[in-house]
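Chains as they are written, first to last, in this note's numbering: chain A, 1291 to 1633; chain B, 1291 to 1633.
Please keep in mind that the hints were generated in silico from the structure rather than gathered at the bench. Be aware that one or more of the hints could be misleading.
One copy or two, it doesn't matter: identical chains are merged, so the pair holds either way.
As the list claims (entries may be wrong) - Lysine to aspartate or glutamate pairs mimicking EDC-like chemistry, simulated, CA-CA at most 16 Å apart: (1) LYS1332 <-> ASP1321; (2) LYS1416 <-> ASP1381; (3) LYS1493 <-> ASP1355; (4) LYS1525 <-> ASP1515.
Number of protein chains: 2
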Amino acid sequence: MFQRRTHQVCVCIVAIFVARLVFADESKPTDPLPSWNDGATKSAITNFVTKVTTDGGKDFIPQSDRIATFDNDGTLWCEQPMYFQMKFAFDRIRAMADKHPEWKDQSPFQAVLANNLVEFGETGQKGLLEVIATTHAGMTVEEFHETVRQWMRTATHPRFHRPYDQLIYRPMHELLIYLRANGFKTFIVSGGGVEFMRPWVPKVYGIPPQQVVGSSGVVKFEMRDGTPVLVKEPKVEFIDDGPGKPVGINRFIGKQPVMAFGNSDGDLEMLQWTTEGQPDLGMPRFGLIVHHTDAEREYAYDRDSKIGRLDKAWDEALKKGWTMVNMKTDWKVIFPPETADRH
Amino acid sequence: MFQRRTHQVCVCIVAIFVARLVFADESKPTDPLPSWNDGATKSAITNFVTKVTTDGGKDFIPQSDRIATFDNDGTLWCEQPMYFQMKFAFDRIRAMADKHPEWKDQSPFQAVLANNLVEFGETGQKGLLEVIATTHAGMTVEEFHETVRQWMRTATHPRFHRPYDQLIYRPMHELLIYLRANGFKTFIVSGGGVEFMRPWVPKVYGIPPQQVVGSSGVVKFEMRDGTPVLVKEPKVEFIDDGPGKPVGINRFIGKQPVMAFGNSDGDLEMLQWTTEGQPDLGMPRFGLIVHHTDAEREYAYDRDSKIGRLDKAWDEALKKGWTMVNMKTDWKVIFPPETADRH
């Protein structure tokens, strides 16, 4: 009797299991954006993607034209309490200070070493460029990539106590994957340095290096002991921010994007270009702004912030009907679950 | 009787047909490079591709690292008797001359209008830059693309009497397709202007605009009557030639190529970078130079040519064992068959 019932139970369990396998897809379609709360924002995204990928529909966009561009700082990952690349530069100054005893009396290094942000801020663009030149040049591109990788393996965010490349926004990461699954090519178009991003972006976002557009310094080709090298020089070449973003898009992608994602005034022109450039193109477009509204789980800032100010672009979003993400209410989670893995 | 024999013949024909379908692949594998004569050059290419794509082999290269870069002028299409982009610029000067009566007494336009290449040559780089600025700037990127498309639809090569975009090398076109079929990403890395290439390259070579690297002028973002536009300015931004090619590869691709294809000294540094850059990368590399040896079917030129000079790169090819294409003996045909189609 016992054996028979066990047998029946087993058959029953197997039957349920098989039924689940067979009917799973029909009864409950997989949500491609599980970290987004249901609502107008999520629907705006999925409705757009559905209409432009529906073969034969009037809004269909062929796969070769499905170009989506994403700002990085504040859109794909956190940018507070300071841009992570700035933190990297400060950490490099500290690491290099042993070999530069003169820095302790020399602006702007003195301010960096004393961790005095107010004093550093007073050195203005000159101070900033000096720190960037010192930490981002005078070495080969490969050597610079190695310092970035090394920093990413060891540095930790002061509030979240996690590696910086784990502070990407999970909902946005899902969005990247969702768009690619729908035939989009996803590009980063960031004010950040392209050589700072390329060492970790492919692993973290699944975006290959040739789809990373960013600011850059001059690079020079040299032969060193018969071996060709590319050397980073202490000279700005291109600022991929504000009006530089559509220029960078044209230079690197050579195509009008149909979707653009940003979070600050630095993304205004990219959003304008994406949603209104080449008006005769005859394709639907989509613009989205991430509004940082969640002081508890991340940060809350907009019109008055020094980092990632959202002022003009907010007004324009309201006027043009771009989709606004309210981080607090639209996102179920902010960051991916913690992991011990370091890239 | 007649009916029966007909029936037998039919059965026989069907049997042969079926046999062909079934055994075709085994008995005679399709040659992916039919325009290349069998021999050392063709084998060098196919042996390299076979070894780096053989899963589990010691020389295997993962798909994300299969980056191949191609020069354009003289490597993918003809560059004689003058660079086609130069011909485009001259034709534009002639088309614009009606509105510029002052040009007939004004250097360098005078020389262009008189078709006097010697006199134009004497105006040097200054004259060249003036012609480029006049014909390549002062309009939006889209307007410039349209003038290129228009020219490509109407202009004809003086010797071959064919549209310029039909003067691509058929063997190299096959090579592009063969490499892509083997998981390579094919990039153009040309001294020519990126905006001159992008309007026709995708259709002609099957290479998307974001995989076209070239020289460029400064582009500026502007709002015109509320519509965002990108305007080409009369200022050189980047020369993607000689030592500029590895710099362009780094800037746009962000990855070490494993195959590079060129034809002149302007490709030397790209070939050096591709075959010897980052020596610890642990991946096989491949360099190839197209040597123009066929005055009858195309042109024969090398060490003394003003256009596409092949001198230092030839010496280096011999020293480094790069593959040399002898156009006359390695290529069965040069250009694709003539067609009435214009893009």
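Taking the hints in turn, this is what the structure says about them:
In the homo-oligomer, the alpha carbons of LYS1332 and ASP1321 lie at most 16 Å apart inside one protomer (11 Å), although the nearest pairing across protomers, at 50 Å, exceeds that limit. For a Cα distance limit of 16 Å, the shortest separation of LYS1416 from ASP1381 qualifies neither inside one copy, at 19 Å, nor across copies, at 47 Å. Proximity of LYS1493 to ASP1355 under the C-alpha cut-off of 16 Å is restricted to the inter-copy arrangement: shortest distance 14 Å between copies versus 25 Å within a copy. Neither within a single protomer nor between protomers do LYS1525 and ASP1515 lie at most 16 Å apart by alpha-carbon distance, with minima of 25 Å and 35 Å respectively.
In terms of the numbered hints stated before, the structure departs from hints 2 and 4, listed from lowest to highest.
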